[in-house]
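Hey, can you work out the whole structure from these sequences and the hints?
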Amino acid sequence: MRMTMAERILARAASKSSVKPGEFVTATIDKFMCHEALAAVYGNLKKYGFKSIKNPENLIVALDHYSPASTVRASEIHKIVRTAVKDLEVKYFYDTNAGVGHQLMVEKGHALPGELIISSDSHTCMYGALGAASCGVGFAEMTYALCTGVLWFKVPETVRFILKGKLPPLVSSKDIILMIAGRYSSSVALYKSVEFVGPLLEELSIESRMTMSNMAVEIGAKFGFFPTDSLTKAYLAGKTETDWEDITYDQQAKVYKEYEINADDLSPQVALPHSVDRVVSIEDIDHIAIHQAVLGSCTNGRMEDLETAADLMKGKKVHSNVRFYVVPASMDIYREALRNGVLGILVESGASILNPGCGPCFGAHMGLLASGERCVSSTNRNFRGRMGSDNAEVYLASPATVAASALKGYIADPRD
Amino acid sequence: MEEIRGKVWLFPDNIDTDLIVPGQYLDAPVQEIMQHVFESIRPDFAKTISKNDIIIAGVNFGCGSSRENAASVLKELGIGCVIAESFGRIFFRNAIAIGLPVLTCRDVAQNFSEGDLATVEVKNAAINNTTKSISLTGNCLSEEMINILEKGGILEYLADKGDESV
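In order, the protein sequences belong to chains A and B.
Here my numbering is used: position 158 in the first sequence is 158, and no number is missing along the way.
Here my numbering is used: position 75 in the second sequence is 75, and no number is missing along the way.
FYI, nobody ran anything at the bench for these hints, they're computed from the structure.
As the structure is a prediction and not an experimental result, all values here were calculated from the model.
Take these hints with a grain of salt, some might be off.
So these bits of chain A aren't anywhere near chain B, every CB distance computed over 12 angstroms [what the hints assert, rightly or not]:
hint, residue
1, E76
2, F93
3, T124
4, K222
5, P227
6, Y235
7, S281
8, G315
9, D332
10, G341
11, M387
Computed cross-link-like contacts, SDA-like style, restricted to lysine to any residue with a CA-CA straight-line distance of at most 25 angstroms [said to hold, decoys possible]:
hint, chain 1, residue 1, chain 2, residue 2
12, A, K46, B, K151
13, B, K47, A, S389
14, A, K51, B, A159
15, A, K16, B, S142
16, A, K46, B, G152
17, A, K16, B, E144
18, B, K151, A, F93
19, B, K151, A, T71
20, A, K20, B, N147
21, A, K154, B, R106
22, A, K154, B, N139
23, B, K75, A, N44
24, A, K154, B, E144
25, B, K151, A, W152
26, A, K257, B, D13
27, A, K47, B, C105
28, A, K79, B, Q31
29, B, K161, A, V150
30, A, K54, A, F93
31, A, K47, B, Y157
32, A, K257, B, C105
33, A, K79, B, D13
34, B, K161, A, T26
Positions of the beta carbon are idealized from the N, C-alpha and C atoms, including for glycine.
Below you can see the structure in the form of structure tokens.
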């Protein structure tokens with residue numbers, strides 16, 4: 001039976017031999033991730049009188065959005081979460097020192113190929129880089145799914161991006177996904193599953209793939225898959241004792257649409273305010289002075305990203321007008337970057353190293369922008385008001401572009 | 001579900017959930033968020049909304065963050081339903097899950113002006129612009145979605161079933 005990756009996983013999760021797009025299924029969820037949302041979920045359990053959750057060993061909880069708590073309200077929410085994890089007998093709880101929930105799901109071996117995973121945050125699709133069907137839900141659906149172990153899904157159509165060519169130096173997977181958003185719009189994959197396939201995959205590390213899967217939601221997608229391969233196997237080695245199966249894509253399976261993407265002549269891309277699909281090539285940017293630069297988040301806060309920035313910034317100084325914040329996506333990455341000298345290089349250049357977490361990304365914690373300010377960021381959204389003032393501007397870019405811009409004081413081409 | 005009758009609020013394409021619930025109020029109680037809904041683009045919204053008013057929008061309404069309070073705050077403000085050409089899928093699911101009726105309908109935004117009066121019959125996806133005398137039919141929701149909406153939300157639906165595990 002020819003099935004897309006989404007169809008294959010939903011069929012398995014719904015105990016059916018096959019499913020087709022448009023069909024509604026009730027699917028068993030393999031793993032759940034909650035951040036501070038567990039406080040709301042716990043509140044729901046109490047409100048509706050649901051006594052327990054079905055499989056607490058499949059629930060991973062991570063405090064990441066307000067780490068550390070920046071307001072008393074946030075701290076009270078964390079207190080509720082700490083009570084909840086004990087009460088619900090949660091096995092995997094990552095407190096405010098551990099990192100972004102999505103990063104912990106992948107680096108701690110919680111997200112595995114072929115699994116159906118939901119979390120209380122929209123960038124859950126990131127685990128698609130490991131071949132998992134993963135998407136975000138709200139509090140009510142998370143509560144329902146934790147109690148019952150299942151959730152309804154509409155089987156999506158699939159949009160496939162065939163990646164070819166070779167990435168030029170200092171151009172990365174972030175530039176690919178921004179280019180896709182810019183060329184095809186932020187609703188190109190609306191309600192659909194995305195498969196990233198093709199010969200270029202051999203050159204895309206798992207970390208690079210995570211950047212693209214992470215941003216699948218920004219083009220409207222439900223899932224953002226990469227098929228598994230030897231790189232997936234190497235990544236997962238030692239991270240999990242659970243058996244998992246390869247999940248490949250079926251070239252013959254019927255998809256809604258295919259797009260060919262050639263990376264050969266790709267240049268660094270920038271998403272202009274206030275929309276992820278307002279994308280231009282760096283050559284087409286006039287002089288745009290910046291006040292802040294952010295390197296981090298579940299999108300681009302991994303070792304590869306920090307190393308890229310360190311390579312460009314070694315021995316150089318951040319521009320005096322720029323506040324440069326580096327937010328490693330997890331404490332493991334932070335530790336490694338400390339050991340291998342990467343953090344040291346960034347600190348010497350003038351970066352402020354923030355603790356692992358969501359940080360400035362969502363405009364409610366720290367590193368906020370004042371009216372009239374501009375920030376270039378490796379994060380995933382640049383909606384109006386996203387990082388603070390409604391009258392601030394956020395430009396999305398790759399780690400290399402962020403680093404080059406932090407040095408120059410304006411949005412700069414890392415290749416110069 | 002009863003027919004919904006109300007005044008139309010028209011929105012363009014790609015209205016993201018950060019516009020509905022600005023980031024700094026993300027963890028605030030719904031009562032507090034209510035005052036700031038759409039603050040950056042329609043500061044009059046929260047103050048002048050009436051019960052059963054209807055939001056009509058273009059493509060990708062509710063895109064972006066999965067914040068459920070984007071749906072719940074609209075419900076709390078009294079919005080009767082949201083009809084759009086298309087939705088950010090997480091917002092769509094959240095709306096159903098908390099009992100806010102949502103419908104998709106092709107070209108809906110082209111058939112309404114701000115302030116028009118509309119009636120909506122959710123089960124049949126029947127949408128009427130009573131000011132302009134235009135009748136549209138949107139895409140019907142699934143049976144399960146209708147059942148959830150009729151109970152007032154997915155947790156009400158679950159509590160009613162009286163069975164915590166399937």
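Status of the hints after comparison with the structure:
| no. | hint | verdict |
| --- | --- | --- |
| 1 | E76 | violated (9 angstroms) |
| 2 | F93 | holds (19 angstroms) |
| 3 | T124 | violated (8 angstroms) |
| 4 | K222 | violated (6 angstroms) |
| 5 | P227 | holds (23 angstroms) |
| 6 | Y235 | holds (26 angstroms) |
| 7 | S281 | holds (22 angstroms) |
| 8 | G315 | holds (36 angstroms) |
| 9 | D332 | holds (25 angstroms) |
| 10 | G341 | holds (34 angstroms) |
| 11 | M387 | violated (8 angstroms) |
| 12 | A:K46 to B:K151 | holds (19 angstroms) |
| 13 | B:K47 to A:S389 | holds (22 angstroms) |
| 14 | A:K51 to B:A159 | holds (11 angstroms) |
| 15 | A:K16 to B:S142 | holds (20 angstroms) |
| 16 | A:K46 to B:G152 | holds (18 angstroms) |
| 17 | A:K16 to B:E144 | holds (19 angstroms) |
| 18 | B:K151 to A:F93 | violated (34 angstroms) |
| 19 | B:K151 to A:T71 | violated (36 angstroms) |
| 20 | A:K20 to B:N147 | holds (23 angstroms) |
| 21 | A:K154 to B:R106 | holds (19 angstroms) |
| 22 | A:K154 to B:N139 | holds (14 angstroms) |
| 23 | B:K75 to A:N44 | holds (17 angstroms) |
| 24 | A:K154 to B:E144 | holds (11 angstroms) |
| 25 | B:K151 to A:W152 | holds (16 angstroms) |
| 26 | A:K257 to B:D13 | holds (23 angstroms) |
| 27 | A:K47 to B:C105 | violated (35 angstroms) |
| 28 | A:K79 to B:Q31 | holds (22 angstroms) |
| 29 | B:K161 to A:V150 | holds (15 angstroms) |
| 30 | A:K54 to A:F93 | holds (17 angstroms) |
| 31 | A:K47 to B:Y157 | holds (14 angstroms) |
| 32 | A:K257 to B:C105 | holds (22 angstroms) |
| 33 | A:K79 to B:D13 | violated (39 angstroms) |
| 34 | B:K161 to A:T26 | holds (16 angstroms) |
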